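Asks: Chains as they are written, first to last, in the working numbering: chain A, 10 to 152; chain B, 10 to 152.
Note that these hints are calculated values from the structure, not bench results. None of the values given here were measured: they were computed from a predicted structure. Treat the hints with caution; some may be incorrect.
Each pair may be met inside one copy or between any two copies, as identical chains are not told apart.
The list that follows gives simulated cross-link-like pairs (lysine to any residue, SDA-like), each with its CA atoms no further than 25 Å apart [as the list claims (entries may be wrong)]:
#1 K114 x A61
#2 K109 x Q128
#3 K59 x Q11
#4 K109 x S89
#5 K139 x R125
#6 K144 x G98
#7 K139 x N129
#8 K59 x R125
#9 K27 x N129
#10 K144 x E132
#11 K59 x F29
#12 K139 x Q128
#13 K59 x F39
#14 K139 x Q11
#15 K109 x Y85
#16 K141 x P111
#17 K139 x F29
#18 K109 x E132
#19 K109 x E133
#20 K114 x A34
#21 K141 x I119
#22 K144 x E133
There are 2 protein chains.
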Amino acid sequence: MQISSRFTIAVHILECIKYFEGRNAITSEFLAGSIGVNAVIIRRIISQLKAAGLVSVERGKTGIISARNLDDVTLYDVYSAVEAVSSDGLFHFHANPNPKCPVGKNIHDILDGTLREIQNSFEERMRSVKLKDLKPVTLDITE
Amino acid sequence: MQISSRFTIAVHILECIKYFEGRNAITSEFLAGSIGVNAVIIRRIISQLKAAGLVSVERGKTGIISARNLDDVTLYDVYSAVEAVSSDGLFHFHANPNPKCPVGKNIHDILDGTLREIQNSFEERMRSVKLKDLKPVTLDITE
DNA sequence: GGCAATGTAACACAAAATATTACAGGAGGA
DNA sequence: TCCTCCTGTAATATTTTGTGTTACATTGCC
């Protein structure tokens, strides 16, 4: 399977905040327009980003979403905020290997450590990229 | 989301072949018993492994699945055989970013390269592990 | 020919992601 | 104060993917 689009949507949201903060009122409706999904989807993801401490929302104030230190947010911060993988791990294991089979009995022993290492290096790779490392948004001077 | 259990099932299958080849008749029914899933699931995955050149099936011969050079098969070989990720990539991108928004217009430019690199290093990590690098199956001398 | 196993189609079901409508509640501004 | 805008969240629907199951044609050994 693929990592859900919640992740790219969340990065898109943060890039919008970086770009528009102070210039436009950033509402879920506004973000939905830029991203091309329903505003409720945006609000749910915003909730997750808020829970992770990446953004904060001043309620009632005609739609302002303010953030903090977004440049140093890593892709892992975003990923772990919106993806519910943490509990089960990246790899989905078949649930009922047969303990009466010598292979079935040992399959977790055979695989768990290595799969965990692969997951760890994947997450480490995500941690090594900060938002400021991404290609900057090309400024459109005609607008 | 998670990588589907097809991957761990496929590794389990290959470990069974390594362990039982020459000792037991290896049928989809037999494998289903060790792995704890339906035999049709096994047959479907066997088809994929066969298409990837990892195993071969001598049909009709009272259930024998023979393989080749399994020790040097990498986890990536198995992963790419059973996971349909190749076309879309590891990350699912939201489909309709707004080209009229400066961020929406550039979001692919901002992210695609970096996400591709992360996917590449993930796959490279999988390529670095061969089946013979996994923990060996503990031999049960009482059987 | 009979038997055992594969290869696949067809269908059912569950889980997750995504979309949509609805509405209660907070806060600023007239 | 009242109006309006926006958030937060529930409820529900739809789609997609993964998984389970039954059925059956086909293959090749005995």
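Asks: All hints, please: hold or fail.
Replies: Evaluation of the provided hints:
When the C-alpha separation of K114 and A61 is checked against a cutoff of 25 Å, the pair qualifies neither within a copy, at 39 Å, nor between copies, at 27 Å. In this assembly of identical chains, K109 and Q128 lie within 25 Å of each other by CA distance neither inside one copy nor across copies; the values are 29 Å within and 37 Å between. Taking the shortest Cα distances, K59 and Q11 sit within 25 Å of each other both inside one copy (24 Å) and across copies (24 Å). In the homo-oligomer, the alpha carbons of K109 and S89 never lie at most 25 Å apart, since the shortest distance is 37 Å inside one protomer and 30 Å across protomers.
For a Cα distance limit of 25 Å, the shortest separation of K139 from R125 qualifies both inside one copy, at 23 Å, and across copies, at 16 Å. In this homomeric assembly, K144 and G98 come within 25 Å of each other (Cα to Cα) only across copies, at 20 Å, whereas the closest approach inside a single copy is 30 Å. Taking the shortest Cα distances, K139 and N129 sit within 25 Å of each other both inside one copy (18 Å) and across copies (18 Å). Proximity of K59 and R125 under a CA criterion of 25 Å is satisfied in neither setting, with 28 Å inside one chain copy and 27 Å between copies.
Taking the shortest alpha-carbon separations for K27 and N129, neither the intra-copy value of 29 Å nor the inter-copy value of 28 Å comes in at or below 25 Å. With identical chains, the CA atoms of K144 and E132 are at most 25 Å apart both within one copy (21 Å) and between copies (23 Å). For the homomeric pair K59 and F29, the shortest alpha-carbon distance inside one copy (18 Å) is at most 25 Å, but the shortest distance between copies (52 Å) is not. For the homomeric pair K139 and Q128, the shortest alpha-carbon distances inside one copy (19 Å) and between copies (16 Å) are both at most 25 Å.
For the homomeric pair K59 and F39, the shortest alpha-carbon distance inside one copy (18 Å) is at most 25 Å, but the shortest distance between copies (50 Å) is not. In this assembly of identical chains, K139 and Q11 lie within 25 Å of each other by CA distance both inside one copy and across copies; the values are 22 Å within and 24 Å between. In the homo-oligomer, the alpha carbons of K109 and Y85 never lie at most 25 Å apart, since the shortest distance is 40 Å inside one protomer and 29 Å across protomers. In this assembly of identical chains, K141 and P111 lie within 25 Å of each other by CA distance solely across copies; the values are 17 Å between and 50 Å within a copy.
Within a single copy, K139 and F29 get their C-alpha atoms as close as 19 Å, which meets the 25 Å cut-off; across copies the closest is 48 Å, which misses it. For the identical chains of this complex, K109 and E132 are neighbours neither inside a copy (35 Å) nor across copies (33 Å), given an alpha-carbon limit of 25 Å. Taking identical chains as interchangeable, the C-alpha atoms of K109 and E133 are never at most 25 Å apart, the minima being 37 Å within one chain and 35 Å between chains. For the homomeric pair K114 and A34, the shortest alpha-carbon distance between copies (19 Å) is at most 25 Å, but the shortest distance inside one copy (58 Å) is not.
In the homo-oligomer, the alpha carbons of K141 and I119 lie at most 25 Å apart only across protomers (11 Å), although the nearest pairing inside one protomer, at 40 Å, exceeds that limit. In the homo-oligomer, the alpha carbons of K144 and E133 lie at most 25 Å apart both inside one protomer (20 Å) and across protomers (24 Å), since each shortest distance falls under that limit.
Of the numbered hints stated above, those contradicted by the structure are hints 1, 2, 4, 8, 9, 15, 18, 19, listed in ascending order.
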